[in-house]
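We have chain A already, so just place chains B and C on it with the hints.
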Amino acid sequence: MAPPETERVTPLLEVESLTKHFPVRRGLFGWSPQLVRAVDAVSFTVEAGGTLGLVGESGCGKTTTSRLILGLERPTAGTIRFEGRDVLALDREGVRHYRRSVQAVFQDPYASLDPRMRVGAVVAEPVVINTNLDAAARRRRVAELLDLVGLPERSASLYPHEFSGGQRQRIAIARALALSPRLVVLDEPVSALDVSIRAQILNLLRDLQKRLGMSYLFIAHDLAAVAHMSRSIAVMYLGQIVEWGDADAVALEPRHPYTKALFTAALPADVDAPREEVVLIGEVPSPLAPPSGCRFHTRCPFVMPHCATQEPALRSESGRLVACHLY
Amino acid sequence: MAAEPAGGTLALPEAVAAPVRGRGRHVPWIPIGLIALFVAAAALAPLVSPGDPYAQSLRNRFTPPVWDERGTWAHPLGTDRLGRDMLARILYGARVSLAVGALAVLLASSVGAAVGLVAGYYGGRVDAALMRITDATLSFPVILLALILAVTVGPSFLNVVIAISVILWARYARVIRGEVLTLMQLDFIAQARIAGAGAWRIITRHLVPNTLNTLVVLITLQVGYVIIVEAALSFLGAGIPPPTPAWGSMIAEGRDFVTSAWWVSFLPGLAIMLVVLAFNLLGDWLRDTLDPKLRQL
Amino acid sequence: MVPTVVAVKDLQTHIVTRWGTLKAVDGVSFTVAEGETLGIVGESGSGKSMTCLSIVRLVPRGAARIVGGQILLDGENLLTKSEDAMQQIRGRKVGMILQDPMSSLNPVFSVGMQVREPVGMYHGLRGRALTERATELLASVRIPSPGARLRAFPHQLSGGMRQRVVGAMAIAAPPRLLIADEPTTSLDLTIQMQYLGLLKELQERHRLAMIFVTHDLGIVARICDRVAVMYGGRIVEIGPVRRIFKSPAHPYTRALLDAIPRLGARRDRLTTIEGQPPDLVALPPGCAFAPRCPHAIERCRRESPPETVVAPEHATRCWLNGPA
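Residue numbers (the numbering used here), protein chains in the order written: chain A, 1 to 327; chain B, 328 to 624; chain C, 625 to 948.
In isolation and in its complexed conformation, chain A is listed as follows:
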């Protein structure tokens, strides 16, 4: 699937019809035929050096998608292509290379660092596992990485609990960069931090991207932050992508009703500027039993009769892709 409105360069990461279903266990022994359709035929691309923002609420599948890309889960169907090669068909050497090239930073700064390891060991761990560098070379690399994220070298001999939340995220970023990855999955990297610290970390992430040229998959629910950081945005709902396009276009002129509702919640630059406000009715349906036709139709303020029977396909509209019968 081609990224809308951009040149035809081989993207760094290409995901096609990615699907992950989880069987639901019922009772002590049985596995019922019910499935959680966590991710359902999702396709998108991430360009080299760019940032794709992935937004959606709970149950939309963005976390599962990130886990699939990180190799923490295996897809039920679909392909993941990295640097043009099918990730699921790689040999051992290829898998190792993939692991080194794709790293992650997670949301909770208190759970992502082993409390029993010194910071130096935490940051060096990927290097220890994947290279043959001797202790001195590792120490140098750790110092280099800590410097990159703005922490003093002596941090290496301290324990994680001696640092604040923001500083811990910096350590997590340093670790993610240890193997010079080409893609970093950022799963809500600043949501657990104080507002005044978020700006520091977001700025750091952008600076690092400019310096080192890696791509980001930026998952967050702070939509203004996503719009600020990303070049393109994909909006997910109940396991599917409902809108995908250039960040400014999607954020400022959303087309899909769900995207409109989401961005209604974000803080605009000018509080007085007129905006189309969309407030949804009802609850998020369970991924166990997604609604028929367009999965969003049960909450859509613009619902039409055939929305309940026909699933809309992603179509090109005003420079981005939208899955909605309105278009």
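If you're looking for bench data, these hints aren't it; they were derived computationally from the structure.
Cβ atoms here follow ideal geometry from the backbone N, Cα and C, with glycine treated the same way.
One or more of the hints may lead you astray.
From the structure, some residues in chain A lie toward chain C, with a derived Cβ separation under 10 Å [unchecked claim]:
{"id": "1", "residue": "H161"}
{"id": "2", "residue": "S164"}
{"id": "3", "residue": "V195"}
{"id": "4", "residue": "A199"}
{"id": "5", "residue": "N203"}
{"id": "6", "residue": "G213"}
{"id": "7", "residue": "L223"}
{"id": "8", "residue": "A224"}
{"id": "9", "residue": "F263"}
{"id": "10", "residue": "V271"}
{"id": "11", "residue": "P274"}
{"id": "12", "residue": "E277"}
Positioned in the frame of chain A, the structure of chains B and C alone reads:
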């Protein structure tokens, strides 16, 4: 410092959650002292003992302890029905009890922790299978097993250690597995995987250090339990065979004379109580101190 | 003239810790009128939650103490009331909605039992009348099939639903003042929007004064009439929402507004606030924000600025803004 939503507003910010009274800060010198005393006594028994614990003297049987009017300093804690010195027997008995305690617990904890780690890490069928074995083991009474062993193979020091360990490991397995399940949810484990770590590295480098606290607390608390079990076994005749001094069998020997020569049963019982109490208090203190939420402060 | 429901004057709450006395709330004053929503914004450690707990005198006992000030609810000072009197006031006159709906509801009791409790207590109802009133209450917070929902347990409801139940219990009386402490932080965005709309509706229906604590300025812009910005246990700026967003007087407010990504403002870098939030045990003399303030002058470090009015209804604590 960072915004922590969980727990609601009634939870004080992290920095202030420490109770002002400093609970958990005072090192429990008395339990530690007691344990050290018994360990030293056991280790140095040949040096400090007033005599040979096996030496019988029917002439001196049932001598009361020194503070009684009929007691003598030659036998500070009196003698038993065969005239053997009580203090000597208690000191040598400490060797038995502590040795059984240490060995059984170390054996059981190693095996149990390993099972718990593997079950928690792999989950799924491996976990299910291991936990069924664990559950079955947990339901088997220690004393029964020891009795069976005593009757079939004959009572001995080794049999006691084996009998206890074979049942005890299940307790560790369960607890450690629980800890591991919680740890597996934390992001740093996923991060290790993303960095390319395999099962061995994750278990040894990440899971073991983070379960060590629980393990230490459990071990400390279990030593007391094992000592009591050993005493019970010896009391029943299924433990350490006579004439080796063991606190449990000493209590058994004095059973018929509780009203007249009360010290024969009472003093070994007191020794058991003190040692077990000391280990329990130490274990409690360790649990409070090693609780990570309090530890960070 | 709209009557003032709550007037807080120079409130001070201290927390005793191993390292010293922490001035969690250090001289906070504000008023909220009927039908008005005051937002309290601040980061962790700013004192916003402790302020709310102080109003209902639910500060953690043993560690925290309210040491000074007045809290006037419809003219009566809550700080002079006995604990028994406070128990009558909590819930009946002041309702509270906290952040985590799962711990606000008792997981082993059904929703019905938990909603009936305050309704029965405040209105002296029993039996069928009580059930009817409880059902009405759930309907008023837009819970579908309220009758059936009474039998449900908290874990069977979604986060948004649980917060509605908590909201229903909070307005059961109905109270004069509703305090909501980050009630939407754990909810999904679209559910948050619904919930905020519901709160507004409840406020209008019952003429409630509302205090809304949050760190999210987007929410403040949406539902608050006035906002108080807290830092280091003090209110550094207070005024009408529109005015504060357009012309913030205090450097911290300005920095906060600049640090947040805004839709439609494409910037290369977000303005950061250097340094760390203040250590409340060792607050510097003078303005608490001075160590991080790009405009701090000598006086800021020495003396704590008093509240100065910079425009009608708009006040701030800053030496750069007024008092000579």
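**Message:** Interface hint check: A:V271, Cβ to nearest Cβ on chain C, cutoff 10 Å. Holds or violated?
**Reply:** 5 Å, holds
**Prompt:** Taking the closest Cβ pair, is A:N203 under 10 Å from chain C?
**Reply:** 5 Å, holds
**Prompt:** Is the shortest C-beta separation between A:G213 and chain C less than 10 Å?
**Reply:** 17 Å, violated
**Item:** chain C contact restraint for A:E277 - C-beta distance below 10 Å
**Value:** 9 Å, holds
**Prompt:** Given A:A199 was flagged as interface, is its beta-carbon under 10 Å from a beta-carbon of chain C?
**Reply:** 4 Å, holds
**Prompt:** Against chain C, is A:A224 within 10 Å by beta-carbon distance?
**Reply:** At 4 Å from the nearest chain C Cβ, A:A224 passes the 10 Å test, so the hint holds.
**Prompt:** Does A:V195 meet its interface restraint, that is, does its C-beta lie within less than 10 Å of any C-beta in chain C?
**Reply:** Holds, about 6 Å.
**Asked** Does the interface hint hold: is A:S164 within less than 10 Å of chain C, judged Cβ to Cβ?
**Response** 6 Å, holds
**Message:** Take the shortest C-beta to C-beta distance between A:F263 and chain C; is it under 10 Å?
**Reply:** A:F263 check passes; min Cβ-Cβ to chain C is 7 Å, inside 10 Å.
**Prompt:** Taking the closest Cβ pair, is A:L223 under 10 Å from chain C?
**Reply:** Holds. Min distance 7 Å.
**Request:** Verify the interface restraint on A:H161: the C-beta must sit less than 10 Å from at least one C-beta of chain C.
**Result:** 16 Å, violated
**Message:** Under 10 Å is the threshold here; is the Cβ of A:P274 close enough to any Cβ of chain C for the hint to stand?
**Reply:** 12 Å, violated
Comparing the model with each earlier hint shows violations of hints 1, 6, 11; every other hint is respected.
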